[in-house]
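Quick note, the sequences are listed as chains V and L, same order.
Residue numbers are given in UniProt numbering: position 222 of the first sequence equals residue 222, and the series is strictly consecutive.
Residue numbers are given in UniProt numbering: position 181 of the second sequence equals residue 181, and the series is strictly consecutive.
Keep in mind the hints are simulated off the structure, nothing from the lab.
Bear in mind the structure is a predicted one, so any value in this text is a computation, not a measurement.
Hints should not be assumed to be uniformly reliable.
Under the rule of at most 25 angstroms between Cα atoms (straight-line distance), these lysine-lysine pairs were calculated in the BS3-like manner [said to hold, decoys possible]:
no.	chain 1	residue 1	chain 2	residue 2
1	V	Lys8	L	Lys152
2	L	Lys152	V	Lys116
3	L	Lys152	V	Lys342
4	V	Lys352	L	Lys121
5	V	Lys349	L	Lys152
Quick list of the computed label-pair ranges, beta carbon to beta carbon [claimed, not checked]:
no.	chain 1	residue 1	chain 2	residue 2	range
6	V	His87	L	Lys121	24 to 32 angstroms
7	V	Asp214	L	Glu238	34 to 42 angstroms
8	V	Ala346	L	Ala128	21 to 29 angstroms
9	V	Gln158	L	Glu136	26 to 34 angstroms
Backbone N, C-alpha and C fix where the C-beta goes; we use that ideal spot for every residue, glycine too.
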Amino acid sequence: MTMDTNKKLAVFIASAIVLAVLPFVVGNTLGNSWVRTIDFALLYVMLALGLNIVVGFAGLLDLGFIAFYAVGAYTFALLGSPHFDIHLPFYISIPLGAGLAAMFGLLLGTPVLKLKGDYLAIVTLGFGEIVRIFMNNLNAPVNITNGPQGINLIDPIQIGGVSLGKAIEVFGFSLNPVHMYYYVFLFLTVVVVIMVYRLQHSRIGRAWVAMREDSIAAAAMGLNIRNIKLLAFALGALSGGVAGGLFATFQGFISPESFGLLESIMILAMVVLGGMGHIPGVILGAVVLTIAPEVLRDVIGPLQMHTFGKMIVDPENARMLLFGAAMVIMMLVRPEGMWPSKRRAAEFKDAKKG
Amino acid sequence: MSEVLLKIEGINKRFGGLHALSNVSLHINKGEIYGLIGPNGAGKTTMFNVLTGLYTPDEGSFTFDGNDLFRAPPHVVVNTGIARTFQNIRLFHEMTALENVMVGRHIRSKANALGAVLRNKATRDEEAEIEAKAWELLRYVGIEDVAYERAKNLSYGHQRRLEIARALATEPKLLALDEPAAGMNPSETESLKALMEKIRDGGVTVLLIEHDVKLMMGLCDRIAVLDYGKKIAEGVPEVVRKDPKVIEAYLGVAHE
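Whole structure, please, built from the sequences with the hints as guidance.
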């Protein structure tokens with residue numbers, strides 16, 4: 001468990017190098033569409049880490065987390081597109097979207113303070129749907145969100161006069177937008193990881209765990225349960241909002257369709273499958289669940305052609321079937337997640353013993 | 001010795017048709033060990049929950065150390081200086097003993113989310129102070145050798161002590177213990193008694209609920225007796241034990 005400083009440093013340098021060259025290696029061997037998938041994996045890491053604050057640390061089941069992603073995305077889109085012809089720079093609209101998402105976190109948190117478990121899940125699910133439906137319908141009488149058509153031509157990020165939306169040449173290297181966004185996403189992902197790690201190992205992280213374990217005892221220790229819950233909702237939403245803003249600028253187009261219930265469930269699955277409350281586990285969960293469906297997409301079709309000479313099952317259906325089955329099996333065999341914290345692994349072990 | 005620390009007057013608490021506490025008044029003096037006894041269902045734990053903010057009383061008044069705590073939420077009660085333990089131990093089971101006590105320091109520390117994320121000097125110093133204080137308290141109750149053990153794996157007696165350490169971490173003026181000796185053997189009870197006297201001598205007033213009448217008689221400076229939600233006697237142990245109402249309600253008739 002305790003690594004000496006040298007070993008830690010070596011691991012750190014090795015992972016830094018791997019992460020730095022990753023998009024080029026992947027881009028040159030597998031193609032740039034895979035770099036794009038990795039970019040998305042980073043977005044999902046941010047989302048899953050945000051949801052992990054609420055679900056993993058504080059123990060509050062949230063099925064509407066995607067709403068905060070939507071708030072971040074729409075904030076960026078409305079402040080950086082021809083829709084209103086406002087073009088704020090990203091370093092204003094991303095923090096603004098994150099702040100607004102945090103406010104939505106409080107907005108959701110306040111009415112559900114007294115709710116737990118199933119009841120909380122239902123209310124948060126409704127909240128997620130409300131936000132999506134608002135985005136879908138706020139095009140009349142005043143057109144704010146452009147309704148189901150969504151918002152197009154969202155500004156790419158500009159850093160020092162360089163637009164990340166177009167490929168550029170640097171020292172003979174061709175840098176595609178997917179490469180450049182990778183580094184922006186990576187930077188912000190690292191920021192989010194540090195943020196949640198430090199929160200976890202602080203007075204506040206302890207308070208979340210205490211509340212999750214026994215909220216009455218926590219209250220009797222003087223913890224202000226209301227504030228601690230609201231803080232979890234707000235900080236979780238904050239990183240959701242950051243990811244949303246990045247998503248909008250990366251895609252250049254957003255519509256309410258991207259923010260459905262299925263997405264919320266997907267992010268929850270990343271947290272649970274990875275290892276609730278354990279930061280490395282959640283990161284792993286997000287990466288695996290983003291990449292696995294894409295791998296299946298590339299594998300299932302050719303595999304069938306190869307073995308049977310024809311398509312027997314529609315690849316798209318087979319992909320989701322396999323993916324769903326893998327999740328079911330995973331939860332049966334390893335309910336504590338792929339990479340759980342020691343504490344939670346022990347919890348599950350004790351629970352099995354009965 | 002006779003300065004009043006906690007004062008409740010005419011407290012009433014009803015649960016539907018059940019009058020759990022009716023017109024109960026108590027005065028607890030600074031620096032004493034005050035015992036609350038009574039048969040099962042007499043309202044002791046209800047009283048306890050009222051005193052620690054978990055239940056809101058229907059009527060009455062509740063002042064503590066010059067602060068009005070009537071219907072105050074638990075975190076305000078703790079902040080004012082009342083800490084408690086639970087009859088059926090409620091530790092944070094998956095946390096270590098040390099972390100449990102560190103949670104108790106929450107209310108006496110103030111790093112916010114921003115401080116936690118930036119991990120500035122003030123936050124780091126505070127965190128070190130929290131941990132040092134937690135160690136000190138584990139030593140104080142005599143369980144520092146199990147600091148890194150998860151709470152659920154501790155022995156029963158250690159869990160009781162850990163709960164006391166966690167409560168002391170909030171720096172209470174009044175420590176309220178709900179049946180701390182329940183389930184303990186005579187030698188554990190004896191050392192618990194010594195711990196309570198140490199706490200009292202350290203300047204913390206102690207409120208005690210207990211079934212073990214013998215323990216209470218030997219330990220408490222003053223005792224109040226509850227029966228069917230009413231206070232039927234209050235005073236020094238020698239007087240209370242001879243009170244005919246007490247003998248009838250508690251020692252005589254209601255014996256199991």
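Here is how each hint holds up against the structure:
1. Distance hint between Lys8/V and Lys152/L is unfulfilled; the C-alpha atoms sit about 32 angstroms from each other, more than 25 angstroms.
2. Between Lys152/L and Lys116/V, the direct Cα distance comes to roughly 24 angstroms. Compliance with the 25 angstroms bound is thereby established for this hinted pair.
3. Note on Lys152/L and Lys342/V: the hinted pairing holds, with a Cα-Cα distance of about 15 angstroms set against a maximum of 25 angstroms.
4. Between the alpha carbons of Lys352/V and Lys121/L the distance comes to roughly 43 angstroms, so the proposed pair goes past 25 angstroms and is violated.
5. A hinted pair counts as satisfied when its Cα atoms are at most 25 angstroms apart, and Lys349/V with Lys152/L qualifies at roughly 13 angstroms.
6. A C-beta distance of roughly 40 angstroms is found between His87/V and Lys121/L, which places it outside the suggested range of 24 to 32 angstroms.
7. Checking the proposed 34 to 42 angstroms range against Asp214/V and Glu238/L shows it holds: the Cβ atoms sit about 40 angstroms from each other.
8. Checked against the hint of 21 to 29 angstroms, the C-beta distance between Ala346/V and Ala128/L comes to roughly 27 angstroms, which is consistent with it.
9. Checked against the hint of 26 to 34 angstroms, the C-beta distance between Gln158/V and Glu136/L comes to roughly 55 angstroms, which is inconsistent with it.
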